[in-house]
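Colleague: Residue numbers (the working numbering), protein chains in the order written: chain C, 38 to 377; chain F, 38 to 377; chain H, 38 to 377; chain Z, 38 to 377.
Calculated from the structure, these hints are not laboratory results.
Think of the CB as a built atom: it goes at the ideal place given N, C-alpha and C, for glycine as much as any other residue.
Any given hint could turn out to be false.
Claimed, not checked - A few chain F positions that, by computed beta-carbon distances, are all more than 10 Å from chain Z:
| no. | residue |
| --- | --- |
| 1 | 89 |
| 2 | 226 |
| 3 | 229 |
| 4 | 233 |
| 5 | 339 |
Claimed, not checked - Listed below are the simulated DSS-like cross-link pairs for lysine-lysine, each with C-alpha atoms no more than 27 Å apart in a straight line:
| no. | chain 1 | residue 1 | chain 2 | residue 2 |
| --- | --- | --- | --- | --- |
| 6 | F | 242 | Z | 88 |
| 7 | Z | 175 | C | 89 |
| 8 | H | 223 | F | 313 |
| 9 | C | 75 | H | 262 |
| 10 | C | 75 | H | 242 |
| 11 | F | 56 | H | 89 |
| 12 | C | 91 | Z | 88 |
| 13 | Z | 103 | C | 88 |
| 14 | Z | 91 | C | 298 |
| 15 | F | 295 | H | 242 |
| 16 | Z | 223 | C | 313 |
| 17 | H | 313 | Z | 242 |
| 18 | H | 242 | Z | 295 |
| 19 | F | 223 | H | 313 |
Unchecked claim - Which chain C residues stay away from chain H? Per the calculated CB distances, all over 12 Å, these:
| no. | residue |
| --- | --- |
| 20 | 225 |
| 21 | 288 |
| 22 | 371 |
There are 4 protein chains.
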Amino acid sequence: MLNCAVLGATGYTGAELTKLLLAHPHVRVSILTTRQEKAIPIEEILPSVSKKIKLQITPYSFDEVKKKADVVFLCLPHTEAMTVGDQFLNAGKVVIDLSADFRLKDPELYPKWYGVQHNFPARLKQAVYGLSEVNRAKIKKADLISNPGCYPTGPSLALIPLLKKKLINPDSIIINAASGVSGAGKKLVAATHFCEAHENFNAYKVNKHQHTPEIEQNLSQAAGKTVKITFVPHLLPISRGILATLYAEPTRQATEAKLRKVLISAYGDDVFIRIKPGGQFPSTKEVQHTNFCDIGLSVDTRTGRVVILTAIDNLVKGAAGQAVQNMNIRFGFPEEAGLL
Amino acid sequence: MLNCAVLGATGYTGAELTKLLLAHPHVRVSILTTRQEKAIPIEEILPSVSKKIKLQITPYSFDEVKKKADVVFLCLPHTEAMTVGDQFLNAGKVVIDLSADFRLKDPELYPKWYGVQHNFPARLKQAVYGLSEVNRAKIKKADLISNPGCYPTGPSLALIPLLKKKLINPDSIIINAASGVSGAGKKLVAATHFCEAHENFNAYKVNKHQHTPEIEQNLSQAAGKTVKITFVPHLLPISRGILATLYAEPTRQATEAKLRKVLISAYGDDVFIRIKPGGQFPSTKEVQHTNFCDIGLSVDTRTGRVVILTAIDNLVKGAAGQAVQNMNIRFGFPEEAGLL
Amino acid sequence: MLNCAVLGATGYTGAELTKLLLAHPHVRVSILTTRQEKAIPIEEILPSVSKKIKLQITPYSFDEVKKKADVVFLCLPHTEAMTVGDQFLNAGKVVIDLSADFRLKDPELYPKWYGVQHNFPARLKQAVYGLSEVNRAKIKKADLISNPGCYPTGPSLALIPLLKKKLINPDSIIINAASGVSGAGKKLVAATHFCEAHENFNAYKVNKHQHTPEIEQNLSQAAGKTVKITFVPHLLPISRGILATLYAEPTRQATEAKLRKVLISAYGDDVFIRIKPGGQFPSTKEVQHTNFCDIGLSVDTRTGRVVILTAIDNLVKGAAGQAVQNMNIRFGFPEEAGLL
Amino acid sequence: MLNCAVLGATGYTGAELTKLLLAHPHVRVSILTTRQEKAIPIEEILPSVSKKIKLQITPYSFDEVKKKADVVFLCLPHTEAMTVGDQFLNAGKVVIDLSADFRLKDPELYPKWYGVQHNFPARLKQAVYGLSEVNRAKIKKADLISNPGCYPTGPSLALIPLLKKKLINPDSIIINAASGVSGAGKKLVAATHFCEAHENFNAYKVNKHQHTPEIEQNLSQAAGKTVKITFVPHLLPISRGILATLYAEPTRQATEAKLRKVLISAYGDDVFIRIKPGGQFPSTKEVQHTNFCDIGLSVDTRTGRVVILTAIDNLVKGAAGQAVQNMNIRFGFPEEAGLL
């Protein structure tokens, strides 16, 4: 049994990850920590496991985690994960970071998009970006896995194979995405008060969302050239789920059939990626509480554009589920272990 | 007092229109009709007026409506409004049609997008498209006002002034829109069952929605050339509201400030159109139960694209409210009468 | 025109009241205040009036309010309204208090249920409880009107006529009530975070809610003896609305027809109270955004119990609407002015 | 591996049961049937299993089911299950019926509450009522298990131990319950249209719900005398979950501590029943997607009444989950198999 630590187990992502690990056949949850000063019984954050599982989430102690865990999952706020991750790498642990702190290769993007200097640029080089289906080979050998952001996951999975095959014009990409409220975290802010979010829909951080450079990094690697995208996130009155609606120009030879075929060929054997047949499109409900990424597409012959839709559960494939999938890959478990 | 008839008062649009007309200071609701065979007390469709207002929605009779009404509002299904509208025009009434039956100038678009032949092409020429702020002068003298569709209203209001000034490239327009469930009407279908729509979000009729040619007609007139758009509608788990997120390429000279200035200049005196200052964007909640169309925009200097957001209440500015506004314009009432 | 002040205009109740007063034909909103240190444009709390109305919510100043207002509405937190109310009464103003500070006649109930001493017991005697349909005669002459709590309004309206006629056993009353989230106010707490309240339902303050003594006071007055009730409030995943389900034992002669007749006779001429016919029951949606209190009832001959259901909008009849109704009564306006 | 058939797999209950059985370690789903005429791929009703599991829901054939299944789950409409259940019992199968057709011992209750004659009164005698924690011993040996209704499950689990110990007055019981919309099934009716159910709350079938005699049967057995209850169900704007708020009079010696102790003693070893400590109460969210029944209680010393709250997921402990639990008991699997 692999011993797992979850640091920051009280947030939505940490709780979801804990839930998945507790049900995983090949691992043991050996320690859960919080930045709060008092221990918290696990049922306070995961009422669904109470009476079945007795565990405490304890105030964070580096030494305790070091002693008890083989793999350390970081569900910490951005900027905090940087330092903690470095420490556990130095201590010889495998680190799977769910924050943004190791996602961008170019350290100069951090001050620009996250408003902070990055103190461990060497770790940025070392980190393997945990987009499971795309980076499987590297993840297998990584000691620092940087789990993708919730918004980048779906669009990157859909666009990377198409860009690699030069089937869409990399300068034409627009990503219109909408996320459930859990994506905003547990922090109490006016926008997530029930009376504000319920029966409401709006865009936010228009042209300014910090996931923009992460998506651009993924797409640039696939395209072999610098890609700049337009990205507009929206807040949905649902708890969980992201639907991304992508717009792009196919290159000349790219019919709808051709684009679909390339996606099927890229992901045909990957259990968690499902390509919808023509005329069918994903919905957030169909992937809720699952690790699936569903992809549908339609080429409009009137305008020559392709519309691609992707759906994930932001807490599963967009965070905790993909983290488990990456752990499975890294430690040689079946890729879907604990995720079915 | 102007005598009003509402045909099809039991649907969501008809009920909303009836509610607005009942509170209107200058009109009398003289007859409400239904295609059902038995009369329906008004409180069954408008519980909020019961005890205050006694009215029956009666089985439709052409002669009764002709006798009692000066203006006839058609809240009938598409294709049915065609014939009924023609009859009341022949009878000398002013007709305000909330269906799609008189919206498109080119009769050949009907078989293509609505699956039916149009039997009254001459009426298509006669009809004035009731986009209130844009067509005010023509609406003043119209006997047949064709009220705009819910999706076309916001995007058309935002884009027409910009296209007229050649500030955006007409070939670059993408409209990503999301509507509350009332837009789908009262009919019982699986997609609007609570358990399916709640906690869900998905696109539908991708590249195929029948409002596409209506939007294109509006934009083509403004651009002075044929405009083709990409339009993807989505279903939101809210009752009322449409948010449209528009993507386009500004032409060379068009800064964000310039675009905003043109919109303010176009609508500065129009009480129902509000242009958001820089960095602020509309939300469906802020316009719910109002006749407002809110517009916000952001030019991304990284990609050179402009993102424009518009929000309306689909049952008010997107249907019944704009119909009342058009009636006010046509009959010389203050434009905001009954709508504040 | 009557000059009105709203103190605490930024909360949900204050904003709703401001909206109603702005649309009222016989009053002027002469000042809106906040405890915050900077002025707030009205559109920040009432986006639906922006562009139509220019007003600022200004930092509270006793002298300003005294100068500008004839009637002062207090939408202040409990315990704060006490002192402010006393001051404006001393200044000769009519005070309509929407807090609980003047609702209970017995000052000893305040420490017990609200955890504070009451400093103005003489004002408790002076205050007229603003249950409009029941206390109309006293409200007409009151200088201090204490607006009822949201939970007490529906049950009190339903039970008072029945208790007066000795048709139900006063020792048998159980009130099971459920409120929309706006009843909990704008304050950010975990229970009102979208992800916690959405898709959830639970009871709270079981047997301990501070509205219990207010309801008991109302019912005791009607019964002519001390009444103790069981009251369990629940939190509904909706924005607005309270449904109360009351259980009681009718006294011997009380058939369902008899009970309904007494209610119709008590409220037959009151436009805002609607008694449902047999077999029909109220719903929160039917009263949302209205000042109605809907009442339905069913006597179960199997068990001998009566079930009574009442529905109101907690922000309208349960707060701001009833406050306006009381103002109308006090100043001789038509009772429904500004409320239709 | 035990071979299972699910008859009526396309409804909400049938789909949930199928999902649970597919993940169960000790059974095989050998056949799924529908009353529809064409086969349906399983992903249409369970999108979350597509790509992982290939199965068809096939048009119902008695012979096919008989050939393929050891245990037959009936997720059929009331009255239809009667006949089909009898047939499979005759064929020597174990039948677990999720309809109401075998729940009531007294055949005369069927015409009264369900409007139909019962054609197999001998089967009513044979049937074991599958309230798992209460009837475990009988379920172990039963060939016909009648799975409890969604509403009766929570209140019966809470009240049976208290009635057996004579700790509450059996004539004093009132059950106020609220269910998510999935409880009303997949059928398209106006009340479950998103626009009607969303942002709404109301009672229905007041004093008339068909689960009343089922609850009374359970309570009467526990009390050793005929018990009549008042039962009022309500419709919640959530997908899944039932919260029941019970009111009763404790008998003289019954303090809150005593009542809690009896419940803990009755269910202390039962993993799926959780008794909340004093001052804590259940919520539907805490049991959603689980087989738990959570119970909390409060004795009000002011009125002498006890308030008991129970929460379940109506599709799991209220239907499919309890059916699996009963199968586990019947076939000697660990009781929580496939349910954790």
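Colleague: Give a verdict on every hint.
Modeller: Outcome of the hint check:
At roughly 21 Å from the closest C-beta of chain Z, the C-beta of residue 89 (chain F) stays outside 10 Å, upholding its exclusion from the interface. Listed as a non-interface residue, residue 226 (chain F) fails to keep its Cβ farther than 10 Å from every Cβ of chain Z; the least gap is roughly 7 Å. The non-interface label for residue 229 (chain F) is inconsistent with chain Z: the shortest C-beta to C-beta separation is roughly 5 Å, within 10 Å. Listed as a non-interface residue, residue 233 (chain F) fails to keep its Cβ farther than 10 Å from every Cβ of chain Z; the least gap is roughly 8 Å.
No beta-carbon of chain Z comes within 10 Å of the beta-carbon of residue 339 (chain F); the shortest separation is about 37 Å. The hinted pair formed by residue 242 (chain F) and residue 88 (chain Z) meets the criterion: a straight-line CA distance of about 25 Å does not exceed 27 Å. With a C-alpha separation of about 25 Å, the suggested pair residue 175 (chain Z) and residue 89 (chain C) falls inside the 27 Å cut-off, and the hint holds. The straight-line distance between the Cα atoms of residue 223 (chain H) and residue 313 (chain F) is roughly 24 Å, inside the 27 Å bound, and the hint therefore holds.
For a cut-off of 27 Å, the pair hint linking residue 75 (chain C) to residue 262 (chain H) is broken: about 50 Å separates their Cα positions. The hinted pair formed by residue 75 (chain C) and residue 242 (chain H) meets the criterion: a straight-line CA distance of about 25 Å does not exceed 27 Å. The hinted pair formed by residue 56 (chain F) and residue 89 (chain H) meets the criterion: a straight-line CA distance of about 21 Å does not exceed 27 Å. Of the pairs offered as hints, the one joining residue 91 (chain C) and residue 88 (chain Z) is violated, with about 35 Å between alpha carbons and a cut-off of 27 Å exceeded.
Only pairs whose Cα atoms come within 27 Å are accepted, and residue 103 (chain Z) paired with residue 88 (chain C) is rejected, the gap being roughly 39 Å. A distance of roughly 21 Å separates the Cα atoms of residue 91 (chain Z) and residue 298 (chain C); the hinted pair therefore holds under the 27 Å criterion. With a C-alpha separation of about 56 Å, the suggested pair residue 295 (chain F) and residue 242 (chain H) falls outside the 27 Å cut-off, and the hint is violated. A C-alpha spacing of about 24 Å is found between residue 223 (chain Z) and residue 313 (chain C), which places the hinted pair at or below 27 Å, so the restraint holds.
Straight-line distance between C-alpha atoms of residue 313 (chain H) and residue 242 (chain Z) comes to about 15 Å, which keeps the hinted pair within the 27 Å bound. Distance check on the hinted pair: residue 242 (chain H) and residue 295 (chain Z) sit about 21 Å apart at the alpha-carbon level, within 27 Å; holds. For a cut-off of 27 Å, the pair hint linking residue 223 (chain F) to residue 313 (chain H) stands: about 24 Å separates their Cα positions. Against the 12 Å criterion, residue 225 (chain C) falls within the reach of chain H, whose nearest CB is about 4 Å from its own CB.
At roughly 42 Å, the least C-beta separation between residue 288 (chain C) and chain H is larger than 12 Å, which holds for a residue marked as non-interface. No beta-carbon of chain H comes within 12 Å of the beta-carbon of residue 371 (chain C); the shortest separation is about 31 Å.
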